[in-house]
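Number of protein chains: 2
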Amino acid sequence: MASDLVLYSYWRSSAAFRVRIALNLKGLHYETRAVHLVRDGGEQHSAAYAALNPQELVPTLVDGERVLTQSMAILEYLDETHPQPPLLPTDQAGKAHVRALSQVIACDVHPLGNLRVLQQIGTQFGADDEQKAAWMRHWVSAGLHAFETMLAKSKYTGRYCHGDTPGMADVCLVPQVYNARRWKVPLGDYPNILRIDAACAAQQAFHDAMPEQQPDAPSPSV
Amino acid sequence: MASDLVLYSYWRSSAAFRVRIALNLKGLHYETRAVHLVRDGGEQHSAAYAALNPQELVPTLVDGERVLTQSMAILEYLDETHPQPPLLPTDQAGKAHVRALSQVIACDVHPLGNLRVLQQIGTQFGADDEQKAAWMRHWVSAGLHAFETMLAKSKYTGRYCHGDTPGMADVCLVPQVYNARRWKVPLGDYPNILRIDAACAAQQAFHDAMPEQQPDAPSPSV
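Chains as they are written, first to last, in UniProt numbering: chain A, 1 to 222; chain B, 1 to 222.
Pulled out of the complex, with its shape left as it was, chain A reads as follows (with noise of 0.2 angstroms):
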C-alpha cells in the first residue's frame, strides 16, 4: 500500500531512530527509504538524495508535498500534525524540561560522535578505532552524566522521562543508549536512564523502531 509518509533512513541512524519511534508512537503507516550510509561512499551524497536534503544526513521525512529534514523540527512537526499521543507535556515548564533533556542528546551528544565526526577525526588527526572509541566515550559519558543529573532531581521524573507516558525525552535517549552500549560506555552510574530504557525496550512503538528491525539491516552473522 503506498503511504503519504516516507522516511529516508538508515536503520542504525540516531537520528532516523527518533522519527521512527515517533511516528510508531503516533500509529502512523510510512515506508522506509534506505539510505546506505557508507556504501558506495555514502548514498546520502547521491545528487537526488541532496535536492531532497541538502545537509545530506538522515533522515528526511517526506509528507505529501513537504519535505522535512532535521529529526528534531520532524519530532515537533509530527506532535503539531498528530496530537495524540502527545510528545510534549502541557505546560510551559514541563515542555521547557523535556525539550532541554531532548537537546542535551540531540545538541551536545549525538552530533559529536556521528559517522561523518568519526572520519573527520580520522582523516583530521588520524584517530584510529581506539581513538575513535575513546572520543565517543568522553561526549557519551558527559552527556548522559548531564541527562541522569537532570532525571534524578526532577520532580517530572517518573516511568519516563517525563511522567508516566513516553515522549520526546524517551525518543532521543533510547536510540543514544543503544549507541552507547554500541560503544561500550559505562552505564552503571546511571540507574534512570537505565530504568526509563528498559522500560521503553518494553513498548512495541520502541522495539519496532530499533535498528536491527529495519529492512536496511543487515542479516545477523552466523
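Think of the hints as simulated: they come from the structure by calculation, not from any bench.
Keep in mind that the hints are not guaranteed to be accurate.
Given that identical chains are not distinguished, each listed pair holds provided it fits within a single copy or across any two copies.
Here are the simulated lysine to any residue pairs, SDA-like style, with alpha carbons at most 20 angstroms apart [claimed, not checked]:
| no. | residue 1 | residue 2 |
| --- | --- | --- |
| 1 | K153 | D197 |
| 2 | K155 | L52 |
| 3 | K95 | G64 |
| 4 | K95 | E80 |
| 5 | K95 | Q213 |
| 6 | K184 | L5 |
| 7 | K153 | S46 |
| 8 | K155 | D208 |
| 9 | K132 | G122 |
| 10 | K95 | L5 |
| 11 | K153 | A51 |
| 12 | K26 | G42 |
| 13 | K155 | V62 |
| 14 | K26 | A93 |
| 15 | K153 | A142 |
| 16 | K132 | R116 |
Bear in mind that the values here come from a model prediction, so they are computed numbers and not experimental data.
Starting from the known structure of chain A, fit chain B onto it as the hints suggest.
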C-alpha cells in the same frame, strides 16, 4: 531594578547570544550574570553553577522559580510565554522549515566548534591553533553551505530567513556568522546569509545582543 529574568551568559557564547537576541526581540528586561568560560579553569564548572546547569554550559535562564537550560528549549519557552513578536510562523510547514534551519546550526554546526570541543581535540589529538581553525572551517562551511541552499530554494525566504520579520532561524544564524568571521571562514558563497545577517545587524535587538556589547566583554585593546 531587580528582574525576574536572570541570564547566565558569556559574552562570546553563541548559545547565550541566541537567547540574548530573543529576549531583546521580545522586549524583555533581564539581568546578566557573567560566567567566564576560561578564567580559573572555567567558572561554569563551579559547584554553584553546576547545581543550576548539570551540563556546566551556558546559557541558563532563570525565570522566577524556573531554571531553564539548552538555548533552543529556551527560545521555544520564550515564544510560548511571551508570544509577541513571534519567533515561529503559525503554519505547520513554515514552523518545520524554520526549526530545521535553526537546528542545522544548533545541532550540526555550533556543537562541533564550541570551547569544550576545541579543548578536546587539543588534548586528545594535540591539535594546534591552525588545526583547530581548519576543524572550525570544515564544519562551519558545511553547515552554512546547506543553510544557504535551503534559503535559496525556499519559498519562505524573504528579507529574513522566513518572511520579512526576524525569527528563530535568524536568532541562530547571526551568532554563527559572527563565529564564522572570528575563525575567518570564507563567506562569499553565501549571498542570502550575508544579506540576512546585514538586515539583522541593523536591528537594535541584534545589535544589543552582540558579544562586544555585553557587560563581561573585555575592553578593546588600544
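Verification of the supplied hints:
For the identical chains of this complex, K153 and D197 are intra-copy neighbours only, at 18 angstroms inside a copy versus 40 angstroms across copies, given an alpha-carbon limit of 20 angstroms. Proximity of K155 and L52 under a CA criterion of 20 angstroms is satisfied inter-copy only: 15 angstroms between copies versus 41 angstroms inside one chain copy. Within a single copy, K95 and G64 get their C-alpha atoms only as close as 28 angstroms, which misses the 20 angstroms cut-off; across copies the closest is 17 angstroms, which meets it. For a Cα distance limit of 20 angstroms, the shortest separation of K95 from E80 qualifies both inside one copy, at 14 angstroms, and across copies, at 10 angstroms.
Taking the closest pair of Cα atoms, K95 and Q213 never come within 20 angstroms of each other, the shortest separation being 31 angstroms inside a single copy and 31 angstroms across copies. With identical chains, the CA atoms of K184 and L5 are never at most 20 angstroms apart, being 35 angstroms at best within one copy and 41 angstroms at best between copies. In this homomeric assembly, K153 and S46 come within 20 angstroms of each other (Cα to Cα) only across copies, at 18 angstroms, whereas the closest approach inside a single copy is 46 angstroms. For the identical chains of this complex, K155 and D208 are neighbours neither inside a copy (30 angstroms) nor across copies (36 angstroms), given an alpha-carbon limit of 20 angstroms.
In this assembly of identical chains, the alpha carbons of K132 and G122 lie at most 20 angstroms apart whether taken from the same copy (8 angstroms) or from different copies (15 angstroms). When the C-alpha separation of K95 and L5 is checked against a cutoff of 20 angstroms, the pair qualifies only between copies, where the shortest distance is 18 angstroms, while the shortest distance within a copy is 26 angstroms. For the identical chains of this complex, K153 and A51 are inter-copy neighbours only, at 10 angstroms across copies versus 44 angstroms inside a copy, given an alpha-carbon limit of 20 angstroms. In this homomeric assembly, K26 and G42 never come within 20 angstroms of each other (Cα to Cα): the closest approach is 30 angstroms inside a single copy and 43 angstroms across copies.
In the homo-oligomer, the alpha carbons of K155 and V62 lie at most 20 angstroms apart only across protomers (17 angstroms), although the nearest pairing inside one protomer, at 37 angstroms, exceeds that limit. Taking the closest pair of Cα atoms, K26 and A93 come within 20 angstroms of each other only across two copies (19 angstroms); inside a single copy the shortest separation is 23 angstroms, beyond that limit. In the homo-oligomer, the alpha carbons of K153 and A142 lie at most 20 angstroms apart inside one protomer (17 angstroms), although the nearest pairing across protomers, at 38 angstroms, exceeds that limit. When the C-alpha separation of K132 and R116 is checked against a cutoff of 20 angstroms, the pair qualifies both within a copy, at 12 angstroms, and between copies, at 17 angstroms.
When the structure is compared with the earlier hints, violations turn up for hints 5, 6, 8 and 12 and for no others.
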